[in-house]
Every structure is written in structure tokens, then in C-alpha cells.
Amino acid sequence: MRSPLRRAFDVAAVFIVALYLAPIYWVVLTSIKPTIAINSAKPVWSFEPTWEHYREAFVRFEFDRALLNSAIIVLSATFITMVLALFSSYALARMKIKGADFMSLTILSLRFMPGVVIAMPFFLMFQRLDMIDTHVGMIIIYVGFGLPFAVWLLRGFMMDIPRDVEEAARLDGLGWISIIWRIILPMSGPGIAVTAIFTFVFDWNEFLFALYITQATAVTLPIQISKMIDLYNVLWGTISGAVVMQLVPMVIVVFLLQRHMIRGLALGAVK
Amino acid sequence: MGTDKETLCKQSMAQARTLKGELSRRRMLQVSAATAATAAVMRDVKWARAASEETHGPGWYTDDKLTGKVVTYTFSGQRWGLPPKAVVPTFKERFPNVEVEIIEEPVGEAYTKIQMRAASKSDTFNTAIADSNQWTALGNIGAMESFEPVLAKDPGWAEDYFNDVPPIITNGYRLPQNATGKTYGLSCDGNCKLHFYRKDLFQEAGITKVPETWEEAIDVAKMLHRPEKDQYGFVTTARRGLFAGLELYQIIMSLGGSWFDKMEEGGWHPQFNTDTGHKAFEILLKLMEYRHPVTLNAADDEVNAVLANGTAVYAPLEWGTSVLNNPEFTKFAEVFGTDIVPKGSNPEGKHIPLMGGFAYYVNVWGKDKEAGFEFVKHLNSGDYTDSRIGRDYVMNTGQPARVSLLAKYEDIRPYFYGLQKSFPLGTPGFPWIPEAFTVADLVGNEVVAVIAGEKGMDEALKAMDDGNTQIMTDSGYYG
Amino acid sequence: MAELSAAQRAASVATPRPRARLRENQVAWLLITPTIIILVALSVYPLIWSGAMAFRVENLFNPKIGKWVGFRNFDFLLFNDDTFWKTIWLTFVWCAVVVSVQLVLGFLLALLMDTTMRAVGVLRTLLVIPVFISPVAMGLTWRFMFEPVSGVINYLITSVGFDRGAWHTATDTALVAVMIAEIWQWTPFVTLIMLAGMQGISPEVIEAARLDRVRGWTYLQRIVIPLIWPVITVVILLRVVDSMRIFDLIYVITRGGPGTATLLASVNTYSIFQSGRLGVMAAYGFLIVILINIVVFAFLRVLYRQEKASRRRAPARA
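Chain order of the listed sequences is A, B and C. Per my numbering, residue 841 is the first one in the first sequence, and the count goes up by one each step. Per my numbering, residue 3 is the first one in the second sequence, and the count goes up by one each step. Per my numbering, residue 112 is the first one in the third sequence, and the count goes up by one each step.
Next comes chain A alone, as it looks inside the complex (with noise of 0.2 Å):
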């Protein structure tokens, strides 16, 4: 049963979603437009499309290299950091370790530091450790950078799983590893939803250290993105069209993971 202000409602989530995508035309428009239509004092709505941007985006860009680095370096990334920090949040949440607090904190409070101050040191590590632009090197870095924060948000959320059914699992005769697969695993789904989306997303975005230790083999999305920033002249359509490009995966993957990924987010979030 939908009430009409429901209706309403829902019309308006339409119209509020199409609007809010604005931008997202304009990036798809601007992706087909001649250059020289792009370079007009007003705005153009009306042009022969060309597919020379999406075209430039591969022949000399090699977008569909850096795509593939980029789904590499993340997707490894957010699965070690996942993994790692879900056993170190339940440590830190459950067990008995001294200054379990502050090394949390400390933890934590690295990440507010710019990313640029520790830039040159890791390049001189890496350097040295010869994993400069190596997918090895960035999935190390993105599992640093990832692991603070995850464990804390992990740890969060752990310590508001009820503390009996672990009790009673354990009286049950289950293990460590067992409690963890079992009980811990399922009953912290949205925390670990959470926690990986937002991994995923923030190291698929990342641009700084990426700049700074990649260089031919390993070069992620945003990296390849900024290399069509001429000094000169922006190439606004070939940046458009790798947005466009790199979007339509995303999109795929999303829709088909958004039902679960919102009934897993929402399994627990409030108990």
C-alpha cells in the first residue's frame, strides 16, 4: 500500500536523481563533442558527434591498461585490507590487549597527515626496496593507507555484537577461526560493508601516491586521467570520454550488487 504523498514522493526521487545527474550529461555530451565545439564561447548543443575522444582515450592514453591496473591494485587491496583488519578489530574490540585504545588512536591519527609530506619518503623506500611502479608496491601502500581506518571502523561496530553468543558459541566448543567465519563474520556484515565500500572507494580514487610510485606499468585510472591535462590545453573530451568509460563498469557492477549491498548494510546497522 503506497499513500499518494508516497507517490509524490517517488516522482520527485525521479526528477531529484535526473537533476542531480546534471553534470554526468554534460561530462557524456562533452565526450562526444568536436573539439572545436567544446572551444566555443557558448555553450553547443548541436554538433555531429565524434567518437574521437573514446578513440584517443585508448590509442594514446591506453585507458584500457590503466582500467585494468586500477581493478588489480583496488580490488587486491581492499580484499587484504579487509581480511587483515577484520582479524585485527576483532582483537582489538574483543580480546584483552593493553592500550588497545591508544594504539588505535595513534593508528588513526596518521591518516590525517598529508599525504604529500610522506610522499618522497615512500618514493625513497620503494626506490630502494625496488617496487617502484610495481602493482605489488601499490597494493602494500593501499593496504597501509587503508588499514587505520578500517580497523577502527571495524572495531566500532564489533563491539556492538552482543558479547553472549560468542559466549555460548565458545561454550559450544567452537574456535577462534570458527567464531570469527561463524559468528563474528555474518553478524558484522553492514560494518564490514561499509568499511569495504569505503576502502574501495577511497583507494580507487587515489591520486598522490599513485603519481608518486607509478610510472609506466603500474598506472592507475586518475593517474592516466590527470596525463590528459596538457599544459597547453586541457583535452576535456578525451577526459570526459574516460570518465564515461570508466563509469560504465561501475555502473554494472553496482547495479547488480546494490540490492545486496544495501540489505547487507542494513542487516545490523541498527540493532
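The hints are simulated quantities; they were obtained by calculation from the structure and are not laboratory data. This list has only true hints and no planted wrong ones.
Here are a few chain B residues that sit away from chain C, every Cβ distance over 10 Å (derived from the structure):
1) Val152
2) Leu153
3) His227
4) Lys288
5) Lys333
6) Val337
7) Lys423
8) Pro433
Simulated restraints on C-beta separations:
9) C/Arg333 / A/Gly939: 38 to 46 Å
10) C/Ala207 / B/Glu284: 36 to 44 Å
11) B/Lys352 / C/Gly162: 43 to 51 Å
12) C/Asp186 / A/Ala1008: 57 to 65 Å
13) C/Pro145 / A/Leu915: 17 to 25 Å
14) A/Ile1017 / C/Arg416: 35 to 43 Å
15) A/Ala881 / C/Pro145: 56 to 64 Å
16) C/Leu219 / B/Glu461: 40 to 48 Å
17) A/Asp1004 / C/Gly232: 33 to 41 Å
18) B/Gln472 / A/Phe855: 55 to 63 Å
19) A/Val1091 / C/Pro145: 31 to 39 Å
20) C/Val212 / B/Glu267: 52 to 60 Å
21) A/Val1091 / B/Pro169: 56 to 64 Å
22) C/Gly162 / B/Thr276: 37 to 45 Å
This structure is a prediction, so every number in the text was calculated from the model and none was measured. By construction, the Cβ of each residue, glycine as well, lies at the ideal position given by its N, Cα and C atoms.
Mind docking chains B and C on chain A? Use the hints.
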């Protein structure tokens, strides 16, 4: 010249066609760029045969025993990314067993990255692009290999190069940076501050000659300033950072001023808070009265965008670029004229454009340095080695430092006229010291603060001198 | 959070089991060791390096001149640099405005999206698109759209009769312009998480509220907000931390300008780096960490106290 141009375009197109057969992705980009660059002049020319041995010059030699891999870092951006890739086919003709990898990096962040790579003794590359303003900085850590032995082995080539590229450019890539220094890099990319104007609007407004002095430039800006019809009389790069600093410095230089009193021991005292500094700043502020709204936030890309779309029409102190002559980029490509930057009307005033441009050096810690040297030499060859090299370089949006190439291709790239006129009178874009970017950034931020109305001019000029003095003190310039 | 865990831990200590405790401790260390190793390995060298730099004069472009100068860099920033306090102030203003607008907008959007409409999946998918666009690309796009003379935004504004805005090119509007870009990009993220919270409210509670004729603002205030408060807390934290570290978006739109209008701490640190002054940059970094931590942790304390209070207020949950 007409027939020459025809042949050139035909050749470039022919090469493009043949390449399409064996289309690798990297190749395709050269092809597309070549096609784009020549499209305009191709309209009324027909097809002809491709280049042959006739293009070889006296410097042509081949070596199939040379092996290894050239790994080059260059800036992304068409002026630096495309030309080196375009000359790879001719390079492979000469050195079939040398591999070439050209890596483009985001240009905005390239300086720090180049410096960090050098500081960490990276061996991941053997050649890289760098700025003359970074030359002493790289030289100080011993990152560069001397070109002297290579040049000594091929004296004909060296003579041709040094006769063709103006000394203001070649000296920048010596250590120390003067005529007596040793060469550590070859420059295939010359640039300077240019004076961009619109021929059509000049004609319309009855302006018969390109402004010679800043006062004339201000008058022109005022005459062309029609904000009500979205036509602004002036635009320049006043984005935070060194961009804006160089605008002020350009005017100071043309009034006969300088950055330091003397660039040698006993000197190094900054000269901003002086009469010349004040006068220069006033000129800049007067021009700013007619500025396009983006000016306060603009780097070269935004400046060129508003020039391209016709909302800004006059840029008397902008860096040279081929995009404004590209009919696919702007519909005003045909009417953009270039000339030398204005001078001061005072007795000491002179035309003295700030120089930009880049050179390639060979990395001390790199592998296959022999191949690296050959590639840099090849890249910098004009017709002396093979006329196709210069052609491919220019056709793919390159902006050569060789005067012969500038003259030869002036029909296709009209702004080469401005470059040719400016190079002989140029001066280094920044003082040639390792701290070039540090001091320029400081000056730029002060200039922007004044234009944005956050600070008074006197206060800013004083801050420039104080800040410069502090930096120079830290670096031990005062003993 | 600290209070909560203390309470829970007290509960567990009440039933001491020595053998299990020993094992527990070992397991805990086992679980946490990999994380600690990674964090220590990644942070020791950079921290020592930048810690040393903060007390030195160093120039990236002239490594020869390095020397120890004690607290000079800190002294310069705190007392002699006319931009330092402005950048800190801008950072906090930025954070406060951006996060609160995102919260309100995100909440409203979540309410709209919390529906059973058939196409809602598509709608939600479309709404989160902005989150996945690289801020570099989106920043450029905004710059392009904001362009005051020929940009599309002014074109649309003037076509409905308003005056042109100067957006990112004028000192008084630049901060607003970049805020719009940031808010646009991250509000969907807030919506997504709040929506999850709303979907978690059990149907019984909603039904009960309906029967009691609790609706409109009262419904939101008494039922929805208290029930999703934990989720809101998480969102606030995520956004506060991230908006403090904003860099690429502002960097491509204004590089901190015009003048110093959008010179947030992180942007300024970057431009100091680009000018090569490594010592000043490192000192700046440490000062920012300290200042931000003070404010953020004070803020966290308030937030958690409220959370506890709201838990007490909240109606029984299914």
C-alpha cells in the same frame, strides 16, 4: 615554399597510410596525430609518393650492432608526448636493434618527480626531459652524463646543432650554464613568452601595428575590451604559484630590471622592491583591469581555452603554443598572430622575452646509455641527419629549438614567426640557480595576492625581497 | 567508543577463566600482528624522515644546503607566515560546511530513496555514480562548467534570468564553488549509508509508529533519527576525516587560489612541496596532524556521548 609544404604534407600522410597497415597501438597514435596536424593544410593538396633516400643528410648513419633499450621520460601533453614518438620510426631505421619506450608523465607534477628520481639514483630510465631551470639542481647531484664525448665523435653534427640552436638555449643545458660550460643535454624544444593577438580584430579596430611598448599594449587591451559582448581585452596566467611570478618578472626584465643585482659572489640581492619593480607591477595591474574573468585562476590551459573560444582576444605575454594555430582546436586558428613581447618605454627598456623549453639528458645511473645518447641525438636532428626527422617532429605538434626548422615550417605553424624573432633576444625564464622554483613560487604567490586584492603592492614587493633573501641566505649565497 | 568498550570489558572480566584468558591473549596478538607489522614497516621510515626534515632546512632542488635549524620552521609557520592560520581556518570551515550540508542533503535523499517503488534499484545505482569518478577528472569537469564567460552553468543561470556567477575565478566565490563540487561528489555516499540504516529499521517499529499516528517531522525526530544514529555517527566520521584531507579536487580547480581563497592545508602543503621547501613542508604536516587531531577527537567525544544518550532514548528495537 608552397611546393615544399605540399610535399611535406603528402609525405606525412603517406607515412600515415602505410603505417596503418601494421597498426600497433602506439603507432596508431602517431598516425592520428600526424593526420590531425596536417588535416588543415591537406585540404587542397593531392597525393604523392613517400620519402626516400633523398631525405638523408650528411649526418645520416646506421648501426645495427647497437642494442639495448631506450627508456625515456617525457611530459604528457602533445608538445612533448607526441614528437618523440613520431621520430621513433626513423630511429628504428637507423638502429633496428634498439628498443624505444617513451613514458609520458603528468606535466604539472613532473618537476618534483624528475628531481626525486634523480635524488634516489633511479636506474629505471636512461633518458629524460628536464628544464634548464632544473639543470643546476640535477647537475648538483651528478645525475647527468656529459654529451661532450658524443659530440666530439661527430663534430659535423655538433657544429650543425650549435649553429642552428641559439646560444641562449644551448647554454642553459651546459654546466655551468654559460658558453664555457660542458654540454649535458640537447634541446629539441624551444619556447618563450610570446605576444598573441588577433589579426582580424586589429584590422577591425584600425590597429595597424603590433604594440611595441607596454603602454601601447595597455591601449590595445583597452580598445579591444568589450565585456558586454563577451570580449575581454587581456588574459594571462595568474594562477597561484610560479605562473604569476613570471608575468611580473617578464615586465621587470623588459623595463631593464633584474631578479638579483648581480648573479655572482657579492651579489644575489633580490631587486623586486625597487622603482623598476613598482613600475612593472603597475603595468601588470593596469593590464589586469581588462582581464578575462578566468585570469585570476588561469594556467596556460585555461588561457588558451578562452583565447580559443574567442572570449579573450589579446595576450601580450603568454607562453608559445601550437594549439592556437590548430584549426581543430579553435576557429580563430588562421587569425592568431604572434610577435615579440612588448618592451618598456624607458631608455633601458628592451624586448627581452623569457625563455622556456626543455632538453633531454642521459641518466648517469641508467642502462644502455649508448642507445640513450643516440636517441637524444636523433631526436634533436634537423635536416642534417634526415629531413623526415624534423618534419615528423613538427608535424606532430613539436616546437623545435632549431631556427632552421622554425623557418622551414613557418607556413604551417605561423607562430614559429614569433619564436624566431624572440629567441635571439631571450633571457632565462628564471634565474639559473637550483632554487629557481622555490624563489619563483614565492614571487608568484605574492603577485597573485596583490591582484586578488589580499595585499598591497608595496607590502608584496617587500615580501618578495625578504622571502628571496631568506632562501638565498639558507642556501649560503651570502657566504 | 572508549566508554563502551570499557563497560563491555568489565562485563567479561566478571567471569574470569584463567586458561582461556591466556589463550585469548595469544590469539589476539596473533590476529593483530600482521597489521602492526605492515603499519610499522610503512610508517617508521616516513615518520623519521619527515620528523627530521621538520627541524631542518632542506630544498628538494638543492640537496647540498641541508642543515639543522631547530624549531625555526615551526616558528616561521606559527608566527611569521601570513597564510598558515588562514589555511587552518579554511580547512575547518570547509570541513564544517561540507560535512553538514552533505549530512542534511544525504539524509533527505535517503528518505526519498527509502521507497518500494519498482525502479528504485536503477535510481539508487544512478545516484551513486558521482562517488566513482576520479576527483581529478571531476574537478576538471567542474572547472570547465564553472567557466564564468562560456561555461555551461552560467549559461543555464543566465537563460533563466539570473546574473552570472564568477565561481572559482573570484576570491569571494571560489570556496563556495569548490564546496559545491565536493558536496555533489560525496553526498551520494552519505545517502547510501543512511539508506542502509533506514532499511534496517524493522517493519514492526514502522507499523507501530503508523498505528500511533506518529508521522512527519515527529516520526523522523522520534523514530528514524535515533534509530539510525549509529549509522550517522559513522558517516560523520568518514566524511570529516576525508574532507580534511581533500586535495586533488581543489588542486585541479583552483590550486588554492585565487589569491589564497581556497588554500586549504593539504593544498598548501602540496604547493610548498612543489616549491621544494621540504623542511617547511614537514613542519607544516606535523602541525596539521596535531591541530586536526585535537579538534577531531574533541568532536568524537561529543559524538559518542550523544550516541550513548540517543541509545537510551531510542524506542525498543525488534
